[in-house]
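Number of protein chains: 2
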Amino acid sequence: MYKHILFAAELNETKSYIEDKVTQLQELTQAKLSVIHVVEPIPNAYYAGVYGTMPGLDPIDSIGTTRALAERAKEILQPLAKRFNILEQDLHIPIGHISGEVFAFAEKENVDLIITGSHGVHGLQLLLGSTCNAILHGAKCDVLAVRYPE
Amino acid sequence: MYKHILFAAELNETKSYIEDKVTQLQELTQAKLSVIHVVEPIPNAYYAGVYGTMPGLDPIDSIGTTRALAERAKEILQPLAKRFNILEQDLHIPIGHISGEVFAFAEKENVDLIITGSHGVHGLQLLLGSTCNAILHGAKCDVLAVRYPE
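As they're listed, the protein sequences go chains A and B. Residue numbering for the first sequence is 13 to 162, as defined by my numbering. Residue numbering for the second sequence is 13 to 162, as defined by my numbering.
Just chain A, same shape as in the assembly (with noise of 0.2 Å):
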């Protein structure tokens, strides 16, 4: 039913939960599978002085950095590229705005399913929960919510 599947994944759902989800769908399914796993860049303004310098903050290499953070975020899901059985370029981490660049490669790529982790609605939880709310309206394919066991 589904043809290409897209994982959108934090770097915390390398946990084997929500990864047995995707697998399994994906045997059923017979989908190609691909992940994706957006870093969204380091505000340059925010950190590089536009509000003033601060004494004893040195100046931050805020694209270096946010290089450095897509290079450790494909050093964390190689591994779980490879337990997904997927080639090195089905594994897409690219720099950006979350949702955009998810929709971005699911139109590009023809995706029809949209996997994604679903927490719950406290603190924290509720901002990472936004993503997925975001994901889920702007999709033009089909999202499943994997909720995370409390």
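Hints are supplied without guarantee of correctness; some may be wrong.
The list makes no distinction among identical chains, and a pair is therefore deemed to hold if it is satisfied within one copy or across any two copies.
The list that follows gives simulated cross-link-like pairs (lysine-lysine, PhoX-like), each with its CA atoms no further than 20 Å apart [said to hold, decoys possible]:
{"id": "1", "residue 1": "K120", "residue 2": "K94"}
{"id": "2", "residue 1": "K15", "residue 2": "K33"}
{"id": "3", "residue 1": "K94", "residue 2": "K33"}
{"id": "4", "residue 1": "K152", "residue 2": "K44"}
{"id": "5", "residue 1": "K15", "residue 2": "K120"}
{"id": "6", "residue 1": "K33", "residue 2": "K44"}
{"id": "7", "residue 1": "K44", "residue 2": "K94"}
{"id": "8", "residue 1": "K120", "residue 2": "K44"}
Don't read these hints as lab results, they were simulated from the structure.
Once you've looked at the hints, dock chain B against the given chain A.
Showing chain B alone in chain A's frame:
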């Protein structure tokens, strides 16, 4: 992977598009399938004179009207239940608050996947989408939002 799928149906979802997805997923997973459609009660206060009696407006029997809506929903959904090949007892049409009734059923019956339609974000669709949102946020199980074709 899923043992009990709950399809939260809107009346306009008797269209074949979303039905096909529900059927395919049920067949792939061999899960039990239940269908729920929640009829929201017409508020008594609004219609029955709390805001004053409006000249020329008959008092409306809102409880009776709500029950009639539930009966009508049943008529509309029975052919759907037949197409899904489910027993009449697996078609549920409670009266109440949409997400509350869906969650109560899901928890009582150990539902592990709720399937609901997902609309766009414009105009009336935004309002409809908010039900999907409420279901997504409050659900203790996975939620599949099936995107209607535009």
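Hints, verified against the model:
Proximity of K120 to K94 under the C-alpha cut-off of 20 Å is found in neither arrangement, the shortest distances being 24 Å within a copy and 38 Å between copies. Taking the shortest alpha-carbon separations for K15 and K33, both the intra-copy value of 16 Å and the inter-copy value of 13 Å come in at or below 20 Å. Proximity of K94 to K33 under the C-alpha cut-off of 20 Å is restricted to the intra-copy arrangement: shortest distance 16 Å within a copy versus 30 Å between copies. Proximity of K152 to K44 under the C-alpha cut-off of 20 Å is restricted to the intra-copy arrangement: shortest distance 18 Å within a copy versus 28 Å between copies.
Within a single copy, K15 and K120 get their C-alpha atoms as close as 14 Å, which meets the 20 Å cut-off; across copies the closest is 34 Å, which misses it. Proximity of K33 and K44 under a CA criterion of 20 Å is satisfied in both settings, with 15 Å inside one chain copy and 18 Å between copies. When the C-alpha separation of K44 and K94 is checked against a cutoff of 20 Å, the pair qualifies only within one copy, where the shortest distance is 15 Å, while the shortest distance between copies is 33 Å. Only within a single protomer do K120 and K44 lie at most 20 Å apart by alpha-carbon distance; the minimum there is 14 Å, versus 35 Å between protomers.
Hint 1 from the list above is the single one not met by this structure.
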